[in-house]
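Based on the provided sequences and hints, a complete structural model is requested.
Residue numbers (my numbering), protein chains in the order written: chain A, 1 to 464; chain B, 1 to 464.
Keep in mind that the hints were calculated from the coordinates and are not lab data. Incorrect hints may appear among the rest.
Note: identical chains are not told apart, hence a pair may lie in one copy or across any two.
[What the hints assert, rightly or not] The calculated SDA-like cross-link candidates involving lysine to any residue, where the alpha carbons are at most 25 Å apart (straight line), are: (1) 458 to 387; (2) 35 to 449; (3) 458 to 360; (4) 35 to 11; (5) 458 to 364; (6) 458 to 427; (7) 458 to 79.
2 protein chains.
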Amino acid sequence: MGHAAAGGRPGRRRMVVVGGDAAGMSAASQARRLKGPDALEIVAFERGHFTSYSACGIPYWVGGEVPGPDRLIARTPEEHRARDIDVRLRTEVTELDLDGQRVRSRDLESGSEAWTGYDHLVLATGARPVRPPLPGIDAPGVHGVQTLDDGRALLDTLTTARGRRAVVVGAGYIGVEMAEALLNRGYEVTVLDMAEEPMSTLDPDMGRLVRRAMEDMGIAVVGGARVTEVLTGPDGRVRAVVAEGAEYPADVVVLGIGVTPETGLARAAGLPLGAYGGLLTDLSMRVRGREDVWAGGDCVEVLDLVSGRERHIPLGTHANKQGQVIGANVGGGYGTFPGVVGTAVSKVCSLEIARTGLRERDAREVGLRFTAVTVESTSRAGYYPGAAPMAVKMLAELRTGRLLGVQIVGREGAGKRVDIAAVALTAGLTVEQVVSLDLGYAPPFSPVWDPVQVAARKAVAALA
Amino acid sequence: MGHAAAGGRPGRRRMVVVGGDAAGMSAASQARRLKGPDALEIVAFERGHFTSYSACGIPYWVGGEVPGPDRLIARTPEEHRARDIDVRLRTEVTELDLDGQRVRSRDLESGSEAWTGYDHLVLATGARPVRPPLPGIDAPGVHGVQTLDDGRALLDTLTTARGRRAVVVGAGYIGVEMAEALLNRGYEVTVLDMAEEPMSTLDPDMGRLVRRAMEDMGIAVVGGARVTEVLTGPDGRVRAVVAEGAEYPADVVVLGIGVTPETGLARAAGLPLGAYGGLLTDLSMRVRGREDVWAGGDCVEVLDLVSGRERHIPLGTHANKQGQVIGANVGGGYGTFPGVVGTAVSKVCSLEIARTGLRERDAREVGLRFTAVTVESTSRAGYYPGAAPMAVKMLAELRTGRLLGVQIVGREGAGKRVDIAAVALTAGLTVEQVVSLDLGYAPPFSPVWDPVQVAARKAVAALA
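This is the structure:
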């Protein structure tokens, strides 16, 4: 029976979605595919101006490679509305009343508030950039890059900035991608990170390869640099970043320190959160302990199938899959999200960086003993034009020989090779089994032993 | 105890290798890594002029993309000899005496013959191009492309040919790669094939995409064309190819009809051969029923892990792995070659073509019932520069949902994506599990759903 507060036709249910990006709108779209508007009413609240956009595309929009923001929008509010999804933009959900099965929302333009009842609640509130409470951090010219609105604001700053010096704080994926974007815009770029080496999602030995390549591109990479202050000029705008006592002049600052799950509403409502502050769900993406509340995307923690631990991995690809699963289940079908193996791929100009599974520190942390090997190979047969070097690091468990993780740093053709290891990790293959895999070979595509297999051979030898 | 005929030090064994390319020399090298010359003597007979070369690289040498033939040689006879492997070039093994544990060889220069005893015999005799007994097939200007000597002879013809018309007979991997090579050399290229569509290692609907792309490149592709005669001019050289009553003028003809295992010696010695004429081995690459005879490379049949049948798949990557396994076992270590899933990747100019697992006809042949779906996707996020279209076809078993095969036709970034499916096939994943895989995603590398997963989603829906 439909929720009384919905006030609709008898038997009609209402699905309320909080957050109109990847997870939320995938859930809405998939539920709509399975159930028509007579059976299911769908209301989606989004506090921003856009729906279903690719936040991952923002660095390329800022860098000028992709026209934006329209091209980054997979589906507009109008397109969703045409499919009977009631999208309410610029409307923020301010409270969850789980016992009453209703949410309170506020129209950000008019300030008016309302309660909306639900039968199924989908929390897809995303994540927000970490913004340490430093002096000057909110000065004009300091930007996060999480939403299309953030991208637009950053581009406005780039258009009006007097100088051409950029400081990127944080050398993770967003940081290195923004370094490329700013380089493409003609900026002199300095990247500051607390860790010694960039890309701390890799082991430091592989991060070092990234640093060297970035330095060769003309990007200054400063490790071991904790930012303590943002200095402003007489006009109140950013003029420099201070780290470890040194001043780094800046006409624009981009924060790429990472994100944290946006789960304030969920916390206030008493929903279960994990160690990283993300919502905890079951395999069907139902919030643990609640029959009628679902969650997906950057606001949830996911099961890491290799370590058996929950992690927070904000990535559009997971958000889409999780939304799809929620939509299937709410729509009367069936779907699960079994977990992740921690695959990520990124690039800085022509450098490709990929990882999957566990780093050395992750493996140690969960009590695994392992061997780690690194090899140099090439993307194509050595004699074939364009064969580019790549380094592949591989971790394998002692005794069992099970593959635990792979990290790749190289040029064209390096990044997506990590998928071989991602599938092997999911299937629980040993490095010996990886050696025997029947992978695509022809000189323009691979050496006769794929680089991942070259690493696996070395791992097998190291385990013997 | 060492073989008496070896006449060497007591306890010293002798490994005799027949065939000095990928499988044979990988076996020799790996055995040498494990056992020094005091424990193991290694003799390798090769009837040609080269060892350890990449036959797969010949089309790129002919096409002028790779200087040759030196660059195609992974290890020269001198390099092998420096590691105490006694390589005897231009020496053909003419008889196997299995009861006497010896082989007879003939020096192709002097004609002298000799018997050599062995403790371990490794048959790595490769394959030879199919050359149907048609009138004119042996005329000057008609070339196979199996060995470096073949490549050299073809290049000589290209240098001296009067005209610029080439006919390629056979539209499999070698055929389409040679079509590209000849196009690069400025030839007008016609490809003739008995099948209606090129690349019969794909289903015809995917082959059709290849034909259209080849035609767009200016290659004439004639399907349903059985060659009946090669016509020669007054100088005795090829001048045209006749198929289905039509004459195709040709200054050069390349045969890419396929290859057949070179197992005449093995057959004469009574060794077990399969339905395709290849040697049958166990998982350690020992010839079935023989303790002291091993075989690997293009002369063996391999177990297809998806169909459970033996197949003949002549590919350098298998040859290298099998050689490695043989060398490990002869050298006192342990290794197996568990089988293949039928992965292959190729390109014609910018077109990438890949397959793994079963085609529709393969699945039917072994009694599997399945659903087949095809999707169009892109290599990168749709908005990212260089996003190229690709078609992905996927077969999944009815009821179980097990992945059975994938075929991909696209541009840059299409080919090696087949590895995702190759690993999934090896692990026996269902299409539902493929949908959930944690694959590398970032806009320059993939849409948010990898094309293989887009196909898997459609397969899941088709199975429901």
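> Which hint numbers doesn't this structure obey?
Replying inline: none
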